[in-house]
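Protein chains: 4
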Amino acid sequence: MPGLMACRTEFGPSQPFKGAKITGSLHMTIQTAVLIETLTALGAEVRWCSCNIFSTQDHAAAAIARDSRAVFAWKGETLQEYWWCTERALDWGPGGGPDLIVDDGGDATLLIHEGVKAEEEYAKSGKLPDPSSTDNAEFQLVLTIIRDGLKTDPLKYTKMKERLVGVSEETTTGVKRLYQMQANGTLLFPAINVNDSVTKSKFDNLYGCRHSLPDGLMRATDVMIAGKVALVAGYGDVGKGCAAALKQAGARVIVTEIDPICALQATMEGLQVLTLEDVVSDVDIFVTTTGNKDIIMVDHMRKMKNNAIVCNIGHFDNEIDMLGLETFPGVKRITIKPQTDRWVFPDTNSGIIVLAEGRLMNLGCATGHPSFVMSCSFTNQVIAQLELWKEKSTGKYEKKVYVLPKHLDEKVAALHLGKLGARLTKLSKDQADYISVPVEGPYKPPHYRY
Amino acid sequence: MPGLMACRTEFGPSQPFKGAKITGSLHMTIQTAVLIETLTALGAEVRWCSCNIFSTQDHAAAAIARDSRAVFAWKGETLQEYWWCTERALDWGPGGGPDLIVDDGGDATLLIHEGVKAEEEYAKSGKLPDPSSTDNAEFQLVLTIIRDGLKTDPLKYTKMKERLVGVSEETTTGVKRLYQMQANGTLLFPAINVNDSVTKSKFDNLYGCRHSLPDGLMRATDVMIAGKVALVAGYGDVGKGCAAALKQAGARVIVTEIDPICALQATMEGLQVLTLEDVVSDVDIFVTTTGNKDIIMVDHMRKMKNNAIVCNIGHFDNEIDMLGLETFPGVKRITIKPQTDRWVFPDTNSGIIVLAEGRLMNLGCATGHPSFVMSCSFTNQVIAQLELWKEKSTGKYEKKVYVLPKHLDEKVAALHLGKLGARLTKLSKDQADYISVPVEGPYKPPHYRY
Amino acid sequence: MPGLMACRTEFGPSQPFKGAKITGSLHMTIQTAVLIETLTALGAEVRWCSCNIFSTQDHAAAAIARDSRAVFAWKGETLQEYWWCTERALDWGPGGGPDLIVDDGGDATLLIHEGVKAEEEYAKSGKLPDPSSTDNAEFQLVLTIIRDGLKTDPLKYTKMKERLVGVSEETTTGVKRLYQMQANGTLLFPAINVNDSVTKSKFDNLYGCRHSLPDGLMRATDVMIAGKVALVAGYGDVGKGCAAALKQAGARVIVTEIDPICALQATMEGLQVLTLEDVVSDVDIFVTTTGNKDIIMVDHMRKMKNNAIVCNIGHFDNEIDMLGLETFPGVKRITIKPQTDRWVFPDTNSGIIVLAEGRLMNLGCATGHPSFVMSCSFTNQVIAQLELWKEKSTGKYEKKVYVLPKHLDEKVAALHLGKLGARLTKLSKDQADYISVPVEGPYKPPHYRY
Amino acid sequence: MPGLMACRTEFGPSQPFKGAKITGSLHMTIQTAVLIETLTALGAEVRWCSCNIFSTQDHAAAAIARDSRAVFAWKGETLQEYWWCTERALDWGPGGGPDLIVDDGGDATLLIHEGVKAEEEYAKSGKLPDPSSTDNAEFQLVLTIIRDGLKTDPLKYTKMKERLVGVSEETTTGVKRLYQMQANGTLLFPAINVNDSVTKSKFDNLYGCRHSLPDGLMRATDVMIAGKVALVAGYGDVGKGCAAALKQAGARVIVTEIDPICALQATMEGLQVLTLEDVVSDVDIFVTTTGNKDIIMVDHMRKMKNNAIVCNIGHFDNEIDMLGLETFPGVKRITIKPQTDRWVFPDTNSGIIVLAEGRLMNLGCATGHPSFVMSCSFTNQVIAQLELWKEKSTGKYEKKVYVLPKHLDEKVAALHLGKLGARLTKLSKDQADYISVPVEGPYKPPHYRY
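Protein chains in written order, with our numbering: chain A, 25 to 474; chain B, 25 to 474; chain C, 25 to 474; chain D, 25 to 474.
Among the hints, erroneous ones may be present.
No distinction is drawn between identical chains; accordingly, a pair holds when it is met within one copy or between any pair of copies.
To be verified - Under the rule of at most 27 Å between Cα atoms (straight-line distance), these lysine-lysine pairs were calculated in the DSS-like manner:
1. K468 - K430
2. K317 - K453
3. K42 - K450
4. K317 - K450
5. K317 - K430
Hint data in this document are derived by calculation from the structure and do not stem from the laboratory.
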């Protein structure tokens, strides 16, 4: 992870995070362990939980726990345990919560926002949050935790938000939530959108998934990808990475899309763009990458080939209708191995293979993205956290969502080139003037798409 | 060209361009002929010149000339003839210039801006522009034309700029000039940046060059690309398209880059990133795509292999040091066929093959981009021209540079999908709400990179 | 063409072809000109005709004709002219025919075999060949030429066959004919099958077509291949090259095959294997590569999309039912440019684009294979001719078909590596013994498939 | 494994193996379990051992052992245990050895041949084999086992060879040994070379490794392949598969080759062909695929980058100089996890990562080839065994090496197409006659290379 190592070398001596308490909610893998160690090496105190019930690598969690005792994560948490862990990671004791949050998917941020909302309601009306007010099983757990917290400390989350300097968030889903809160005027603290750094969205999402999708498929099922028909739902950066990996491995790839621009991009790569309904019975491998919900429903699953593989590498497990599957009358679940289940429908006696219970298959069935690409993402996180902390009292960041300035984005890339033996060309002053950029960059206008 | 055909169907009946005089400065190819016919079908009067001395397809120019007598372009213009053509296309007679400009590279816009500057100077000081004040041979011609014009009509360009409703510009180079003028406060009329529509920059630049680079190489030299070493200078959209085409055809591709992010993208595709100096003697095919100048200098050329191919698909011929080559003592030029020259150095008696005299090789040696991709670009042009003309008196557009709104960009894509047999998935209301976009789009935030 | 140049250097001084008369029947392109010059440089006298009515490059023919006056070929021969040329190239005057034949497709060999058959019949029964005895228009011409020849010299072909030392043949089609004659016991002289040298079949057929198929498509139609649906009939070496080129250029490729092994190979590359009937209405570009006949019939053409492109890069024009098309009642042929015709059906008023009148489109619409790959093929030809001539009186070669020994095949490859900067590893004696091959090769058993 | 299933359906009822005792020496994986079950379903009795000390999947071995008690294999055998297992699998009790051998790598065949040799020597001279007569540690174990066997039964292997109907062998290495024995006249029983069935060598070797090389790399090291420099030693079918996989995953691939033809093929795919010495310090991932020995020596390893990955997917572990590494003075072995060792050199303190102790990394670090491709290979094995058994008393097979007839090869392919949704085109009688093949195949001449 050359970027993180370079951060330690550059910033370690000055201990810029001295005094900062950082809570992380992010897949507890060995790469994350390096991130945590980097934050610590720069002077921070850290508490951590995972942002996915299956993604923890227990040996990574153990290694961090050994040093800090402040990791709350294990592979195969129940949802209840998951939210308990999140709450634990945010709880820094009586002095309030963390100063900074490193978030992935926005669950830590969500808990605080929901907590504050409930506390305000309670202060106003004495009303406790009611878990039974929602159908969403997971949100019931969130409300339960907040309700139970309210009883002991009715200002717990309010104090947290007051202390908080800001959050840096690294996923499309989490960022979307932040922009919605900004639009609604409900965002409680500054946020840096790390997801949309080029060195994150175009690397982690695209190249990361290009690596980890086939890795997950092979580890979970040993399926030969060559010769198979694969469907990739969504052709954003994640979908592009998945489709490229599958095509290169010899599959015939079909894409589903709602966005005509992305659809046209798919056709330009020789991929067929159709609807799920058009081909549901012909496909061997289904991959959801949309970041939306209700993509593959149980009615689709019933029409699939026997032993079709169904998996999600987008975000939440609601891309696949797991609830519909689990509650389908007479359906039988046969666990082939952990994270690889065969679900058999009673009428046809034919079944499908679902990976990681519909959650992120690259984390559930393999080891997530490789270190090199995570080094890009996490270097963005470190730089964002440094920026928030440095500007904590200057008022530079309001309760809004910001992206990192381009010269920092370019810096993240530059930190990773040497390791690959790449040699950059240098602009002459004359050339730089000719295209009106500084010799040392940034080299592109903000709207540039790479 | 499905997008242009769709425009005729949708807008033809209402004749939205009725009364509009449009000057185009854009490669006079058969695709452009369809664009001109589309503008005419929507009610415009049109005058046209090419934006490149080699890119005109004479049969296309002839077909348009037959109908309108207002085309000033032929393949193989001298630079002097080129600027004469540009001036002719802008000259709509005593009533002033055009209402709208369709520009490619910004030469028509440049001529007006330089004309106005000279006229203002002349009005103030009586001083005529002095061609000998510049070393740039081409700019000398521009000043000469302006000077000669000044003598007959000292307000020619001033009247033009007053009449002008706006320009739509479709190249990276032209857009760069516009943003510079905006920054300097010298932009004289509104401009729409069509280049940065996704359906332009990510299609024309990327997929267009992926098609037309090998086409130009094969038509000019019949070289077998497989097994060769190719160097692509610049890894922007054009460079990405070129590198992909060369790699797929079996070349080993080396990239030069100044931007660490683009360089890191190249490495992720298995391309070696080095400097020109590192490999100048090992490369069989050199391609410049930078949009900058002084990329391949005569000193590089002298170190190249015998019969190395050198060509440019970026923008101006100054990416390659043609002046240095032409004036190198004792150098010998052997024209193998039009647009394909072997230049032999006296000391080594070894030579290089330069395509299209250093100008755009895909237009000089082949037929430019294929119609499908030009249909995307030109549909953006038509939509931009419609927008400028519709808003001509509302003040919506100031003397600034604008990009097209995303829903129009998505519309351009949608107009091209049917032809390819693609079928879009439709969002449900519930899904659209879940990701906070309208059911009918636009589907992505403005900063999305595709 | 590094292999041919190396042959001149190595063999030129000893003039091994001194006294040899060589007739060639092979596409009269600039590459062939280099072959002819090489044969001449090695001491041979040469007469030449093309083996395809469209493939001659007139400037190449002219250059050779200038030096030798013994070239009978021009672009756009009629079939009658074609066979006249073939006969002329075989006619070395009263002394009989050539000593050696360089054949491509086997037409020169065919003419001699049919001639001898007719002369024997004539000697026996006095019966002249009857052109009206066959429906095949082209074979009628062959019989006519033989009949007319019989009248002047009833032993013309018999004398030819007696003089002939042998033929080297470089196409799948020609080789197939030779093996059939060997099986039937009718082969009149020794033949070397150059087609099945690895450096021919796996290079010319595969890499040559990978280059020249898109070249021909682009020159003839400027079609954007990306996004299109292409069908490749046949997945032999030619089909593999075509499918790879189309896939890499962004088409979705469908393959038709009769051979389950080749079909399974196609699926392993992610290509769909279907029948022509399954998809005839969905395909934008049809390419035949089978070496068989009646692949695309006029009834298929009538069901195609408007402006579907139909072309052949296999062998004869009967892969496509040109006769059925030409004689379809009411069909209209519109020549867009030479070698590019639109055929419009009267009932639907929709049309298809046929390239090169159904003949080899890479030769008719582009310039055939590039020099590098032809250098491999032609170096095999030269080496085969040298072998035949050297052994002319030793009886080594009987009236059978032979392939070149593997060490000569490896030599052809080695002659081409230096040009590409490749560096071979050398076996140690110990390693060579371990795998039981000589240190200097050949390195593979005869059945090895590469 | 559609081919094996089809065999059971087709042949199961007639019990063609009734009475046959089959010994297998072949990686004891789940795919092999299906092969064993298929042989049993066709009437055979089976005893089995693995042909590689690391390749056994213990759950597969256990499942077979449960049913038959005749499996001698576990993951991580010592070499001594390995040869003990081989001997056990061959020992069918007093009645002699097996009737048939299914071999992979030729170790079972080797043991019998060495056994017979020793027994003949012993009968002649009373001399026992002397393990200390060889430096090769593994061969010492072979001699020890034979020596110990001789003491109890001096005709053990002689009786085996007399009973043996034949062997079918599926690897390049094993086949090479067989041809050597045939050439030396020492082959003791008929052998069918299954390796050179197209549906074996072009599928298992090529597509199998294309799948399992990245699988092994990812499982063992989680390395991001994109951006890395990889060296593939050898560009045969295995090397082609490996190079394709690495290139597609975004590595820059360098090939080493001794054979100029294979080297030229590599260049045509854009791969650089150099020697190991040229680039040993620049490479991140080394893969040997040669089937030869002494490819990567300890002196190479000392010059490698820190943490370079070194692995073998060819055949024996002597492609990599494991002995040189293990005995290098002061070298330190750090086992990161089973089959993944870091070896640190004392002088530089820099280390390399060696996978699977230099043995087949796809079997040691992943699960070998996927079922689909193994189904092709194993269907060839079943068909070869059936053929040998059917002809056991006809004398059709002498003590020579045979390949399967092409129509059986095509049958294997056909059995796998349906599963992939492929639809074959059928030749008409007329077309079949035109190309002189039977309508139902075989479709290609024996020398065809696919």
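- [ ] Please write out, lowest number first, the hints stated earlier that are contradicted by the structure.
- [x] Failing hint: just 3.
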